[in-house]
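Number of protein chains: 2
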Amino acid sequence: MTYCVGMVLDRGLVFMSDTRTNAGLDNISTFKKMHHWEEPGERSITLMTAGNLATTQAVVSLLDERTKAPDDREPSLMAAPSMFQAARIVADTLQKVIQKHSRSGQEASNAFNATIIMGGQIKGGPTRLFLIYPEGNFIEAGDDTPFFQIGEMKYGRPILVRAYEPTMSFDEAMRLLLVSFDSTLKANLTVGAPFDFHVYEADTFKIGHTGRIEFDDPYFQAISVGWGDALKTALLSLPKYDL
Amino acid sequence: MTYCVGMVLDRGLVFMSDTRTNAGLDNISTFKKMHHWEEPGERSITLMTAGNLATTQAVVSLLDERTKAPDDREPSLMAAPSMFQAARIVADTLQKVIQKHSRSGQEASNAFNATIIMGGQIKGGPTRLFLIYPEGNFIEAGDDTPFFQIGEMKYGRPILVRAYEPTMSFDEAMRLLLVSFDSTLKANLTVGAPFDFHVYEADTFKIGHTGRIEFDDPYFQAISVGWGDALKTALLSLPKYDL
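Chains A and B are the protein sequences, given in the same order. Residue numbering for the first sequence follows this note's numbering, beginning at 1008 and increasing consecutively. Residue numbering for the second sequence follows this note's numbering, beginning at 1008 and increasing consecutively.
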């Protein structure tokens, strides 16, 4: 499985992804699921993937190859005039990769599926965040739905729904995301640390603060331990039920 | 869908179930999913069901009919010498009902499935809580896993994992359960109020405090509104992330 979240804030975008992949429960590996394309001062695009690893790696490699020799290849992410066009390129690539393998005589209809969160900014437009489906269509985040989750989204969703604010600082968003990831980690073995993150500040048009948070990172451990106590205190602050 | 939780506390058992059933998203109804059998001073058994409504109603009706004329029918819940034997009776009944319909030529292999939480106490034994699978086997709650959830369990699980304590009072357990149910309600349309509950006090051998909490119940509304603020305060109490 996988857990990735992309979030739109007033001051930019925040991305976080786990790194665990599994083929069954007895075969787990660590792969980076977050990828960046950048032309400083002009565009910054971030992509996070969930689903079949062969599919997502093929999509990322295809997108990557095109950016390196844009002249004699299909439209590339580095040449897309807008984030919407960039999303179309990713979506078309994803759809083609899935179709290629689905038509190879394989039976498992969903086995090659993948879902992608893509966000960033291209000069002349605002920051935008998309959720791209394996069918090659996609939706965009808006004021009512300002974040997307892919993979094992349920355990970590309640805290996002309750505590997200568009006016959050990046530090606050990182804290919120780590709590959401910690709740997921505690419940599903197929989501695992380390976590990759990217904090993109609006109108900078370059990759912002990126990094990787290991399971034994002191801050993450403080969040993980502290959150249990904080939740208990929160419960106690609610009015008592009277049987 | 459904959401039910059964919980073992030092002082007894707490059960809570939602009441929404659905056949698709455009066809929802309200059904009670919690059922009781009692012989005051001798036994109290509570059952909560998730899954195919025809299956679960058939199971409950079969169990119920047997208790009314125990002499000329199969072993009944009212005659079982222990909670373990009572669980076997429920499990066998569940398995038979599912098999009957699965063998009718229907294709959908899981369509008739159901899962049951059963708990209570029979004189001479301790309080016990079981999770019964559609295959007719079951597991029992223990110190390490002191509660069971069935149905849409993911959204409401993190708070249970973090805040459950075996030494909780019944009032505290009700508050915890309502927060867990509220988180689930907010995320999944196929879980809905009102919620039925049963608080069984150990060694009383009778149905304890039961009731139904409506969506517009003032206490539930206070929990629902207050929990968002309490969570935000809890987040703020954690150390800040420093990018």
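Read the hints as simulated data drawn from the structure, not as lab findings. Any given hint might turn out to be false.
Note that the list lumps identical chains together, so a pair holds whenever it fits in one copy or between two copies.
Below 27 Å or equal to it, Euclidean Cα-Cα: the simulated DSSO-like pairs (lysine-lysine) are [as the list claims (entries may be wrong)]:
no., residue 1, residue 2
1, LYS1247, LYS1039
2, LYS1239, LYS1193
3, LYS1213, LYS1239
4, LYS1247, LYS1213
5, LYS1107, LYS1247
6, LYS1239, LYS1039
7, LYS1130, LYS1107
8, LYS1193, LYS1103
9, LYS1107, LYS1239
10, LYS1075, LYS1039
A quick note: this is a predicted structure, and the numbers were derived from the prediction, not measured.
Indicate which option fits the pair LYS1193, LYS1103 if close means a Cα-Cα distance not exceeding 27 Å: within, between, both or neither.
-> Intra 35 Å, inter 36 Å, cutoff 27 Å: neither.
Could you figure out if LYS1213 and LYS1239 sit no more than 27 Å apart (CA to CA) within one copy, between two copies, both or neither?
-> neither (41 Å within a copy, 31 Å between copies)
Indicate which option fits the pair LYS1107, LYS1247 if close means a Cα-Cα distance not exceeding 27 Å: within, between, both or neither.
-> Intra 58 Å, inter 46 Å, cutoff 27 Å: neither.
Since the copies are identical, ignore which copy is meant and state whether LYS1107 and LYS1239 lie within 27 Å (CA to CA) inside a copy, between copies, both or neither.
-> Neither. Shortest intra-copy (50 Å) and inter-copy (46 Å) distances fail the 27 Å Cα cut-off.
Within, between, both or neither: LYS1239, LYS1039 at alpha-carbon 27 Å = Cα proximity of LYS1239 and LYS1039: none, with 34 Å in one copy and 31 Å across.
Should LYS1130 paired with LYS1107 be assigned to within, between, both, or neither, using CA atoms and 27 Å as the limit?
-> neither (34 Å within a copy, 64 Å between copies)
For LYS1239 vs LYS1193, is the C-alpha pair at or below 27 Å within one copy, between two copies, both, or neither?
-> For LYS1239 and LYS1193, both the intra-copy (17 Å) and inter-copy (21 Å) Cα distances are at most 27 Å.
At most 27 Å between C-alpha atoms: does LYS1247 with LYS1039 qualify within a copy, between copies, both, or neither?
-> Intra 45 Å, inter 26 Å, cutoff 27 Å: inter-copy only.
Taking 27 Å as the upper bound on the Cα-Cα distance, should LYS1247 and LYS1213 be classified as within, between, both, or neither?
-> between (50 Å within a copy, 25 Å between copies)
Same-copy or cross-copy closeness of LYS1075 to LYS1039 [CA-CA at most 27 Å] | Within one copy, since 21 Å is at most 27 Å while 62 Å is not.
In terms of the numbered hints stated before, the structure departs from hints 3, 5, 6, 7, 8 and 9, listed from lowest to highest.
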